[in-house]
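Using the sequences and the hints given, assemble the complete structure.
Residues per chain, in single letters:
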Amino acid sequence: SQQGEEDPQALSIQEGENATMNCSYKTSINNLQWYRQNSGRGLVHLILIRSNEREKHSGRLRVTLDTSKKSSSLLITASRAADTASYFCATDAEAPQGAQKLVFGQGTRLTINP
Amino acid sequence: EAQVTQNPRYLITVTGKKLTVTCSQNMNHEYMSWYRQDPGLGLRQIYYSMNVEVTDKGDVPEGYKVSRKEKRNFPLILESPSPNQTSLYFCASSLSNPSYEQYFGPGTRLTVT
Chain A
1 SQQGEEDPQA LSIQEGENAT MNCSYKTSIN NLQWYRQNSG RGLVHLILIR SNEREKHSGR
61 LRVTLDTSKK SSSLLITASR AADTASYFCA TDAEAPQGAQ KLVFGQGTRL TINP
Chain B
1 EAQVTQNPRY LITVTGKKLT VTCSQNMNHE YMSWYRQDPG LGLRQIYYSM NVEVTDKGDV
61 PEGYKVSRKE KRNFPLILES PSPNQTSLYF CASSLSNPSY EQYFGPGTRL TVT
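Going down the list, the sequences are from chains A and B.
Residue numbers for the first sequence follow our numbering, beginning at 1 and rising by one.
Residue numbers for the second sequence follow our numbering, beginning at 1 and rising by one.
Hints are supplied without guarantee of correctness; some may be wrong.
The following label-pair restraints were derived from C-beta to C-beta distances [what the hints assert, rightly or not]:
id	chain 1	residue 1	chain 2	residue 2	range
1	A	Q9	B	L11	41 to 49 Å
2	B	E79	A	N38	41 to 49 Å
3	B	S80	A	N113	42 to 50 Å
4	A	R60	B	V14	43 to 51 Å
5	A	E15	B	A2	47 to 55 Å
6	A	S28	B	P8	33 to 41 Å
7	B	K17	A	R60	41 to 49 Å
8	A	R54	B	V52	35 to 43 Å
Since the hints were made in silico from the structure, they are not lab data.
Since we're looking at a predicted model, the values are computed, not measured.
Each residue gets a CB set at the ideal place from its N, CA and C atoms; glycine is no exception.
Have a look at this one:
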């Protein structure tokens, strides 16, 4: 079953602007992760936020998590052409024996125009 | 260098001809998994392994087999490939379970005619 769902599916902005992507999920989680994928390549881990955290920063990335709304957002500030990629959120379903599966959303395709 | 390797990177085959896609990691990770990526469907998990000799089905296991005889290797086996298995496949590994950062391989683009 689909756990994480990103919104919007596609986003096109000008270089230097900020980009915001959202992710919603359905069940309780331990962690939520964001990944980036350049066209046809393997996914690269960007940031992990734990269920007891509300905000996390890494360079130009800012991630927020609202467990009451089961949603997260990824903000990329001062975007660059190199940020053009697809971005995925992934959630691990909480389980007594420990999380065993990671479920990815369908991704947001971000295009940065020069 | 810490990495996940997959072979082959590209493969074109015919329906029914058994094939194996290899996956190897050099980080002593316990958790490994296989995903397929299709347009409009995102990444879907095929199989995962919590440790040696421990494997379990993901969301789309039909038509696939896996084995985990050694910690570093997690091959994906298609006993009788069909055209609906044409896809981009990714292997990934993490320290002990999926709550940790996943390291992805470069992908294997499979076409079944």
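Going down the list of hints, with the structure as the test:
Remark: the range hint 41 to 49 Å for Q9/A to L11/B is contradicted by a beta-carbon distance near 29 Å. Look at E79/B against N38/A: about 32 Å separates their beta carbons, and that is not inside 41 to 49 Å. The given range of 42 to 50 Å is respected by S80/B and N113/A, whose C-beta atoms sit roughly 46 Å from each other. Take R60/A and V14/B: their Cβ atoms lie about 47 Å apart, and the range 43 to 51 Å holds.
Distance hint for E15/A and A2/B: a CB-CB separation of about 32 Å, inconsistent with the stated range 47 to 55 Å. Under the hint 33 to 41 Å, the C-beta atoms of S28/A and P8/B, about 39 Å apart, fit the expected range. In this structure the supplied range 41 to 49 Å holds for K17/B paired with R60/A, their Cβ-Cβ distance being about 47 Å. The given range of 35 to 43 Å is respected by R54/A and V52/B, whose C-beta atoms sit roughly 38 Å from each other.
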